[in-house]
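In terms of this note's numbering, the sequence shown has 68 at position 46, counting the first letter as 1, and numbering is strictly consecutive.
Treat each hint with caution, since some may be false.
[Stated by the list, open to error] With a straight-line cut-off of 27 Å between C-alpha atoms, the simulated DSS-like cross-links for lysine-lysine are:
{"id": "1", "residue 1": "K36", "residue 2": "K82"}
{"id": "2", "residue 1": "K85", "residue 2": "K96"}
{"id": "3", "residue 1": "K85", "residue 2": "K95"}
{"id": "4", "residue 1": "K100", "residue 2": "K85"}
{"id": "5", "residue 1": "K85", "residue 2": "K107"}
[What the hints assert, rightly or not] Quick list of simulated restraints, FRET-style, between CB atoms:
{"id": "6", "residue 1": "D37", "residue 2": "Y81", "range": "17 to 23 Å"}
{"id": "7", "residue 1": "R92", "residue 2": "H26", "range": "36 to 42 Å"}
{"id": "8", "residue 1": "D27", "residue 2": "D89", "range": "36 to 42 Å"}
{"id": "9", "residue 1": "K107", "residue 2": "P69", "range": "28 to 34 Å"}
Quick caveat, the hints were computed from the structure, so don't treat them as lab data. Ideal Cβ placement from N, Cα and C applies to all residues, glycine included.
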Amino acid sequence: LLDHDDFGIIYKEKDNFYNVVVYYNGEFVEVNVKRITLEVAAKELYPEGYDLNTLFVDYKERKMQHDIERGSKKALRKIQKEIRKNRG
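Please work from the sequences and hints to get the whole structure.
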């Protein structure tokens with residue numbers, strides 16, 4: 023990112039207006055392609071078959087999703103607690 027003199031990860035390819043969405047400091051920022059330079063291609067940075075979603079999803083969210091998928095009772099209790107908290 024030329025504006026910040028720093029780097030980010032391109033999340034979404036350019037649109038009709040030549041803007042890309044960049045993941046920078048924990049948030050998604052829309053930037054024109056003229057305001058960025060490529061330092062390292064994704065092919066060089068990540069091995070083939072790498073799950074890129076792990077870059078953009080918080081560890082706790084991934085863990086909770088995994089626990090739900092495997093049927094964890096602890097995760098279920100945590101969800102029920104959140105529901106009760108949000109109700110009242």
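Hints versus structure:
1. Using a Cα cut-off of 27 Å, the hinted pair K36 and K82 is violated, with the two alpha carbons roughly 30 Å apart.
2. At most 27 Å may separate the alpha-carbon atoms for a hinted pair to count; K85 and K96 meet this at roughly 12 Å.
3. For the given pair, K85 sits about 14 Å from K95 by alpha-carbon distance, which is consistent with the 27 Å threshold.
4. Our distance criterion of 27 Å between C-alpha atoms is met by K100 and K85, whose separation comes to about 13 Å.
5. Straight-line distance between C-alpha atoms of K85 and K107 comes to about 21 Å, which keeps the hinted pair within the 27 Å bound.
6. Distance hint check for D37 and Y81: the Cβ-Cβ separation is about 30 Å, which falls outside the suggested range of 17 to 23 Å.
7. For the pair R92 and H26, the beta carbons lie near 40 Å from each other, so the given range of 36 to 42 Å is met.
8. In this structure the supplied range 36 to 42 Å holds for D27 paired with D89, their Cβ-Cβ distance being about 40 Å.
9. For K107 and P69, the Cβ-Cβ distance of about 41 Å falls outside the hinted range of 28 to 34 Å, so the restraint is violated.
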